[in-house]
Structure formats: structure tokens, C-alpha cells
Amino acid sequence: MENFGYIVDTLFALFAMTLIIFMVPGFAMLEAGLVRTKNVTSVLTVNTMIYAVASVMFLLVGYQLAFGGWENSGMSIYAAFLFQMAFVGKTVNIMSGGVSERVRILPIALFTVLMGGFIYPLVVNVSWGADLLAGTVLDLTMYDLAGSTVIHSTGGWALLAAIMIMGPRKGRYKDGKIHVIPASNIPLVVLGALLLWIGWFGFNGGSVGSIASKENADTVALTIMNTNTAGLAGALIAGIFMYLRYRKFDITMILNGALGGLVAITAGPDLYDIHTPIIIGAVGGALVVIAVPLFDRLKLDDPVGALSVHLVNGIWGTLAVGIFAAEPEAGITLLGQLKGVAVVAVFVFTVSYAAIYIINRFLPFRAGDDEQVEGLDVTECGLEAYPEFKRAF
Amino acid sequence: MKKIEAIIKPFRLEEVKDALAHIGITGMTVSEVKGYGRQKGHSELYRGAEYVVDFLPKIKVELVVGDEQLEQVLDTITEAARTGKIGDGKIFVSGIEKVIRIRTGETGSEAI
Numbered sequence: 001m002e003n004f005g006y007i008v009d010t011l012f013a014l015f016a017m018t019l020i021i022f023m024v025p026g027f028a029m030l031e032a033g034l035v036r037t038k039n040v041t042s043v044l045t046v047n048t049m050i051y052a053v054a055s056v057m058f059l060l061v062g063y064q065l066a067f068g069g070w071e072n073s074g075m076s077i078y079a080a081f082l083f084q085m086a087f088v089g090k091t092v093n094i095m096s097g098g099v100s101e102r103v104r105i106l107p108i109a110l111f112t113v114l115m116g117g118f119i120y121p122l123v124v125n126v127s128w129g130a131d132l133l134a135g136t137v138l139d140l141t142m143y144d145l146a147g148s149t150v151i152h153s154t155g156g157w158a159l160l161a162a163i164m165i166m167g168p169r170k171g172r173y174k175d176g177k178i179h180v181i182p183a184s185n186i187p188l189v190v191l192g193a194l195l196l197w198i199g200w201f202g203f204n205g206g207s208v209g210s211i212a213s214k215e216n217a218d219t220v221a222l223t224i225m226n227t228n229t230a231g232l233a234g235a236l237i238a239g240i241f242m243y244l245r246y247r248k249f250d251i252t253m254i255l256n257g258a259l260g261g262l263v264a265i266t267a268g269p270d271l272y273d274i275h276t277p278i279i280i281g282a283v284g285g286a287l288v289v290i291a292v293p294l295f296d297r298l299k300l301d302d303p304v305g306a307l308s309v310h311l312v313n314g315i316w317g318t319l320a321v322g323i324f325a326a327e328p329e330a331g332i333t334l335l336g337q338l339k340g341v342a343v344v345a346v347f348v349f350t351v352s353y354a355a356i357y358i359i360n361r362f363l364p365f366r367a368g369d370d371e372q373v374e375g376l377d378v379t380e381c382g383l384e385a386y387p388e389f390k391r392a393f
Numbered sequence: 394m395k396k397i398e399a400i401i402k403p404f405r406l407e408e409v410k411d412a413l414a415h416i417g418i419t420g421m422t423v424s425e426v427k428g429y430g431r432q433k434g435h436s437e438l439y440r441g442a443e444y445v446v447d448f449l450p451k452i453k454v455e456l457v458v459g460d461e462q463l464e465q466v467l468d469t470i471t472e473a474a475r476t477g478k479i480g481d482g483k484i485f486v487s488g489i490e491k492v493i494r495i496r497t498g499e500t501g502s503e504a505i
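Going down the list, the protein sequences come from chains A and B. For the first sequence, the positions run 1 to 393 when our numbering is used. For the second sequence, the positions run 394 to 505 when our numbering is used.
A portion of the hints provided could be inaccurate.
Once the Cα atoms are required to be at most 20 Å apart in a straight line, the calculated DMTMM-like pairs of lysine to aspartate or glutamate come out as [to be verified]: (1) K177/A - E437/B; (2) K453/B - E425/B; (3) K170/A - E443/B; (4) K38/A - D369/A.
No lab work stands behind these hints: they were computed from the structure.
Throw the hints in and build the complete structure from the sequences for me.
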């Protein structure tokens with residue numbers, strides 16, 4: 001039984017990794033439901049490609065760059081790698097979702113090489129990993145258990161850069177007016193969002209790192225419970241806000257609210273008591289309801305609400321740790337959290353903007369107007385998601 | 394022979410079909426269509442932004458009848474499809490040159 005802890009933690013990491021990988025179909029179905037039917041195959045292809053590209057890049061260079069080596073005494077190094085690898089695709093998923101219905105596959109795959117191999121691993125390096133910035137004035141002291149900043153706002157900043165360079169979908173903003181493009185398949189949106197929600201239990205629970213003692217088991221269970229609570233609160237508040245303001249229940253916003261709450265709790269689900277996540281998730285859900293129309297007014301076209309969910313709430317969640325769980329003795333302060341948010345923001349936004357700008361010069365990210373009219377399924381994939389005339393007999 | 398095209402509210406289809414069957418009409422073709430007249434569309438809300446749905450779902454019933462049955466069929470459809478509210482639809486009547494039953498090759502009123 002001497003290896004008991006090692007074995008249990010290995011099993012735990014593999015289980016958490018499996019849950020996180022459920023977020024791949026989660027993102028895919030959510031996005032497939034929110035876009036028009038003529039772009040569904042293209043969205044699914046991007047989702048699958050970036051999972052593969054980002055994960056292989058993480059195997060080849062990213063893990064080494066992030067952690068400085070292949071060693072782990074607490075569990076099998078292969079399980080530790082797989083768990084970390086499961087996160088990589090999420091960062092790019094967050095980004096690719098927001099540029100749906102106009103992004104071409106080749107340039108985004110190329111950017112994924114950079115994101116999975118270098119940009120994300122460097123963010124991990126300075127926050128969870130080998131820490132290149134140690135001892136410098138920029139050294140990050142932020143507490144970010146599972147990545148409100150490291151993953152969610154990282155993906156969000158890259159998305160903001162991409163949207164600024166690519167522009168909106170054709171016809172989205174006409175003569176200064178917002179032209180609504182409704183979702184094509186609400187059941188898929190619900191399936192995708194709830195798969196993401198379930199994946200989050202591995203995302204945050206697994207990030208505790210160990211379950212092989214009574215204390216750790218308690219922490220893991222509390223983390224998962226708090227994660228769930230924040231999602232519930234986010235969904236409820238988004239639903240209530242939408243109803244008070246528009247007298248209508250919009251399921252796409254309720255689900256975005258839930259995901260906003262989940263992003264917000266991700267920085268410190270192990271630090272809070274069992275009631276604080278209600279506040280954190282509720283603020284997260286409210287922020288989504290406010291941010292979605294705001295980004296629209298700024299003409300930042302985001303078909304799935306990824307900026308509101310991941311960027312806005314990634315920032316809020318990281319700051320929330322400093323507000324609700326500051327422990328100056330342990331080095332957790334609001335200022336430290338703010339510094340973490342700012343350093344990652346400047347680094348990721350600048351590097352992503354430069355990378356996307358340069359790639360875009362040679363290989364335009366945005367599909368042409370005619371290609372968008374015909375649908376990316378035909379022009380990019382040569383395969384329509386729904387080819388039958390109404391329905392097959 | 395006349396062709397009748399009736400644009401009606403989708404939920405009146407059952408009533409119209411039953412009423413027509415009751416007076417001896419043995420066949421018809423229906424299709425789901427969208428359109429608007431004086432009823433216009435309505436506005437919906439998606440992610441906090443309003444948008445107008447111009448075209449409303451309607452059902453188009455098509456059938457061909459002999460001249461002698463025309464008035465009775467028109468009255469039946471009008472009565473069965475009417476709700477009294479805006480958007481009840483319209484009926485168009487036009488002449489038919491030729492009808493062929495594909496299975497037997499019968500033509501004219503035999504083929505109706």
C-alpha cells in the first residue's frame with residue numbers, strides 16, 4: 001500500500017482529464033447550435049482541428065516550456081501531462097467560438113500552433129509552472145486555482161485581438177444598426193452548455209491536484225460543490241435579469257449566465273465557504289447579461305458570447321479571490337490578483353494581436369463576403385451539415 | 394375544372410381537411426409556406442436585441458375540383474378556416490387546362 005496515494009492521485013487526474021475532454025464536444029455543440037446551419041460543419045471542423053493541433057503542440061513543446069521538465073513525484077507523469085494537456089484546447093476553443101461563421105480554418109489552425117505551443121504555455125509558466133518571472137518586479141502572486149485568468153481570460157484576450165482584426169460577420173451591423181442572426185438549434189446549445197458544466201467539475205476539481213488524503217478529498221468535494229453553486233447562481237440571475245428587463249426568458253442567455261458563473265468561480269473554488277459562490281456566480285451571470293449587448297454596441301461581433309463569458313468573468317473571477325478570500329499572510333491580495341490580470345492581459349493581447357495581424361497579411365482569417373453568403377460548410381469543408389431538402393425519407 | 398389554392402392558418406388545417414372530406418373531396422396537397430399580408434410579422438428577442446420576423450408560417454392547401462363543386466368547396470374552406478382574427482388567409486381560384494392521373498393515364502375530370 002506504499003504507493004496508494006500515488007495510484008489514487010493518478011486515477012483522479014485521469015478521471016478529471018476525461019471530464020475536461022467532455023468540454024470539447026461541449027464547445028462544439030454549443031457553437032454548432034448558435035450558428036446558422038450553413039456554417040455548422042465548419043465550426044465542428046475548427047473545434048476538432050484545434051483540439052488536435054493544440055494538444056500535439058503541447059506534447060512537443062508546450063509542457064516542457066510550461067513546467068520546465070517531465071517530472072512529477074505525486075502521480076504518474078503521464079497522467080499529470082494528460083491533465084494539463086486537456087486544458088490547452090480550451091484556451092483556443094474559447095477564442096475560435098467567438099469568431100465563428102467567418103473564420104477560415106487554415107489561419108486559425110496556424111494560430112493554434114502558436115497558442116498551444118508557446119503563448120498558453122508561457123502564461124502557465126509564469127503562473128503555475130517553472131516561473132520565469134520569479135524574483136522580477138513582474139513576478140505573479142495571483143491565486144488562480146484552475147485558470148479564470150490563465151485559461152479563460154487568456155482565451156478571451158486572444159479572441160478580442162482576433163475580432164478586432166477580423167471584423168464582424170457580413171451583414172451583422174448594417175447602417176449603424178444591429179442585425180440579429182438567431183441561433184439555428186437550441187437543443188444543441190443546451191447540450192453543449194451542460195456538457196461544459198459537467199466538464200468543469202474535472203476542470204476545477206482536478207486542479208486541486210490531489211485527492212489521496214482526507215483533507216484533500218474534502219477540498220476536492222468543496223471545490224466541485226462551489227463550482228456547481230456558482231453555475232446555478234449565474235443561470236438564475238441571468239434568467240431573472242432577462243425577464244425583468246425584457247419580459248422574456250432567453251435560454252441562450254441563461255446558459256451563458258451559468259457559464260459566466262462557472263468561469264468566475266474558477267480562480268478560487270477551494271478558498272470560499274459554501275455560500276460565497278452564490279454571490280460570485282450571480283455577479284458573473286449579471287455581467288454576462290450586461291456585457292453581451294455592450295459588446296454588440298461596440299460592434300465586436302461575438303456569435304457565442306465568449307467575450308462576455310470568458311474574458312469579462314475571467315477578470316471578475318480572479319479579482320473575486322482578492323475580494324472574498326484575501327489572505328495577506330499567504331500572499332493573496334486584491335492588488336496581487338489585479339497584477340496577475342494585468343500582466344496576462346498585456347502579454348496575451350499584444351502577442352496574439354501581433355501574431356494574428358502577421359498571419360492575416362498572408363493568410364486572411366476572414367472568409368470573403370461571397371463565401372460567407374454561401375456558407376463556410378461549402379467553401380471551407382465541401383460538406384454541408386444538413387444537406388437534405390428539409391428532411392430525408 | 395378549377396384549381397383552388399387556400400393559404401390558411403396552420404392550426405386550422407385539421408378543420409379544413411375534415412370539412413372538405415365531409416363534402417366528398419377525396420384528395421388535396423398541402424405545403425408549409427411562409428408569408429404575410431395585412432397581418433405583418435412580429436418582433437422577437439434574441440440575446441437582448443429585438444428583431445422582426447417578417448414571414449409567418451402558413452399552410453397552403455391545393456386542390457382541383459370540377460366547376461359544379463367549386464362554390465360549395467369555397468364556402469366550406471372559408472367557414473372552416475375562419476377565426477375572425479387578422480391573418481386568416483386567402484383563397485385563389487384559377488382555371489386548369491389539363492389533369493393526368495400518373496398511374497392510369499386518365500385525363501380530365503376522371504383524373505381528379
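Structure-based check of each hint:
About 16 Å separates the Cα atoms of K177/A and E437/B, which keeps this hinted pair within 20 Å; it holds. Restraint check for K453/B and E425/B: the C-alpha separation of about 6 Å stays at or below 20 Å, so the hint holds. Proposed proximity of K170/A and E443/B is supported: the alpha carbons are some 19 Å apart, at most 20 Å. With a C-alpha separation of about 14 Å, the suggested pairing of K38/A with D369/A holds against the 20 Å cut-off.
Taken one by one, the earlier hints all hold for this structure without exception.
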